[in-house]
Amino acid sequence: MKFYLIEGGTTHLEAAASLGRLILYRIQVLGRSGIFIFAAIVQAFVPPFRISRLVKEIDFIGSKSFLIIFVTALFTGMVIGIQGFYSLSQFGAEAALGIMVALSIIRELGPVLCALMVAGRAGSAITAEIGIMKITDQFPALEMMAVDPLKYVVSPKIMAGIISLPLLTAFFDLIGIAGGYLVGVNLLGVNEGAYIGKLVAAVEFKDIYGGIIKSLCFGLIITWIATFVGYTAEGTTEGVSRATTDTVVLASLSILIVDYILTSLLL
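Take the sequence shown: its letter number 50 is residue 49 in numbering that gives the first Met the number 0, and every next letter is one higher.
If you are wondering where the hints come from, they were derived from the structure by calculation, not from laboratory data.
Fair warning: there could be bad hints in the mix.
[To be verified] Derived Cβ-Cβ restraints for the label pairs, each shown as a range:
(1) 195 to 146: 33 to 39 Å
(2) 235 to 40: 27 to 33 Å
(3) 255 to 207: 28 to 34 Å
(4) 44 to 186: 47 to 53 Å
(5) 10 to 107: 46 to 52 Å
(6) 70 to 259: 24 to 30 Å
Note that the coordinates shown come from a computational prediction; the quantities given were computed from them, not determined experimentally.
We treat Cβ as the ideally placed atom computed from N, Cα and C, and that holds for glycine.
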């Protein structure tokens with residue numbers, strides 16, 4: 000049987016086989032990552048509980064992200080305030096600025112931008128840390144001391160991400176709304192009572208818990224990707240560097256995709 004050659008001397012059959020191998024490999028990686036995260040979460044609820052490790056990871060992922068979250072939230076709220084004011088002023092609806100700022104941030108921008116910032120700062124650092132531990136053979140050393148690396152290293156990071164992201168998102172929401180208030184009321188002359196009153200009347204509980212659900216999912220996604228990519232990184236400095244980049248890219252894309260899915264389900 001003869002096969003027609005495509006450009007470069009590769010047969011159609013070889014191209015199809017390459018595509019099939021790639022798909023099977025991706026499915027295999029996805030399955031391994033699923034087993035990985037399941038085992039890590041199960042280990043988090045198996046005694047002994049290492050509370051000090053969890054607190055340390057919450058401090059790293061949460062507390063040390065406050066500054067970048069504060070700056071991002073403040074200027075996001077200010078930009079929405081400016082853009083919203085000039086858009087609403089065309090219809091004489093400047094008083095609704097508080098509604099626009101609050102709903103935009105609470106429903107979408109707060110959870111998403113907060114997650115993207117944490118993925119860039121903490122996610123990359125987690126991957127680098129685990130990758131370096133792998134290069135320096137710290138995981139075999141832990142196993143020799145009868146310590147499960149998954150429980151000792153990975154599980155606290157997963158749980159810390161799930162706990163920290165909702166808190167950071169709530170902080171982001173408050174600062175973002177304050178940024179919109181600063182621009183709208185103090186600089187552009189929007190009535191203070193109208194800004195706050197309409198904001199309080201428009202924001203419903205479903206808007207708040209929708210943001211909380213998103214932030215919980217994003218916290219899981221960031222730490223899942225960061226720990227798995229670091230755990231499976233090549234045992235070289237180049238491998239760790241490449242894994243760090245992959246974490247930021249994969250986490251960012253996953254956040255945006257999952258945000259669309261959750262938004263569709265929560266509306």
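A quick look at each hint next to the structure:
1. Evaluation of the 33 to 39 Å hint for residue 195 and residue 146 yields a failure: the beta carbon distance comes to about 53 Å.
2. Take residue 235 and residue 40: their Cβ atoms lie about 30 Å apart, and the range 27 to 33 Å holds.
3. At roughly 22 Å, the beta carbons of residue 255 and residue 207 sit outside the given window of 28 to 34 Å.
4. As the Cβ distance of residue 44 to residue 186 is approximately 50 Å, the hint placing it in 47 to 53 Å holds.
5. At roughly 48 Å, the beta-carbon separation of residue 10 and residue 107 lies within the given 46 to 52 Å, and the hint holds.
6. At about 26 Å, the beta-carbon gap between residue 70 and residue 259 stays in the expected band of 24 to 30 Å.
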